[in-house]
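Spelled out, the chains give:
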Amino acid sequence: MSELLNSLKDERERLGLTQAGLAERAGVSRKTINTVENGVFVPSTTLALRLARVLGRPVEAIFRLADDQ
Amino acid sequence: MTMVERAERKGRARAVLFYMMGGILTVNVLLPLLPLERDGDPASKAVVLGSWLVMIALTLCNLLPIARLTRHPLAAFMDDEATGAHRIKALAAGFWAAILSGAVLAIVASYRTVGAVDAAKLIITAAMVVALSSFATQELRAAR
Chain E
1 MSELLNSLKD
11 ERERLGLTQA
21 GLAERAGVSR
31 KTINTVENGV
41 FVPSTTLALR
51 LARVLGRPVE
61 AIFRLADDQ
Chain Z
1 MTMVERAERK
11 GRARAVLFYM
21 MGGILTVNVL
31 LPLLPLERDG
41 DPASKAVVLG
51 SWLVMIALTL
61 CNLLPIARLT
71 RHPLAAFMDD
81 EATGAHRIKA
91 LAAGFWAAIL
101 SGAVLAIVAS
111 YRTVGAVDAA
121 KLIITAAMVV
131 ALSSFATQEL
141 RAAR
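Keeping their order, the protein sequence lines are chains E and Z.
Quick note: the first sequence uses the working numbering, first residue 1, plus one each step.
Quick note: the second sequence uses the working numbering, first residue 1, plus one each step.
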């Protein structure tokens with residue numbers, strides 16, 4: 001199975017948000033944001049879409065498969 | 001304090017509590033196995049077993065996502081997706097601990113007598129302690 005990469009940290013920092021700030025807006029805990037950023041936890045489609053909406057970016061701009069590079 | 005900060009603080013406290021519960025369960029199941037506890041009368045044995053069962057039930061309630069039933073806004077942050085994933089991994093680890101401890105007990109029981117109650121308590125405790133510590137470790141690691 002392909003590894004899921006993400007640019008969540010870059011996108012978050014682009015908006016000047018902390019992990020806690022993004023978590024508050026997305027309605028999840030900071031540890032969820034932390035584990036997604038570190039690639040430890042693969043979010044559900046629902047959460048990925050919610051994060052993309054909060055960050056104002058299309059979901060494929062934040063999440064991509066490793067073998068797509 | 002924001003909802004995320006409150007959830008983070010409570011999450012850490014929950015992880016520490018889970019480690020403590022694991023320790024208490026271990027001590028609680030090992031102490032009665034000592035020879036000096038063997039001569040208790042049936043009534044006191046029933047009390048010990050009953051209190052152990054209550055403790056297991058309470059611990060199990062903590063391992064399950066019952067907080068979601070309260071629909072408290074904080075519950076959504078305390079039991080979100082990452083926590084759910086940690087819970088599933090912890091319960092799976094507990095399952096394997098039960099299998100392993102059961103297998104070890106089966107080997108031990110072929111050499112010396114092991115009471116059914118003691119065996120059940122050891123297997124359940126092994127499963128619970130591994131599940132609790134696995135959950136707590138994952139939660140604390142994720143919160144770094």
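One should not assume that every hint holds.
[Unchecked claim] Restraint-style ranges between C-beta atoms, simulated for each label pair:
hint, chain 1, residue 1, chain 2, residue 2, range
1, Z, Leu30, E, Arg25, 44 to 54 Å
2, Z, Ile99, E, Pro58, 24 to 34 Å
3, Z, Val114, E, Leu65, 47 to 57 Å
4, E, Glu3, Z, Lys89, 14 to 24 Å
[Claimed, not checked] With a straight-line Cα cutoff of 27 Å, these simulated DSSO-like cross-link-like pairs (lysine-lysine) come out:
hint, chain 1, residue 1, chain 2, residue 2
5, E, Lys9, Z, Lys89
6, Z, Lys10, Z, Lys89
7, Z, Lys10, E, Lys9
Calculated from the structure, these hints are not laboratory results.
The structure displayed is predicted, hence computed values, not measured ones.
Where is the CB? At the ideal position from N, CA and C, for every residue including glycine.
Practice item. List in ascending order the numbers of the hints, as given earlier, that are violated by the structure. Key: 2
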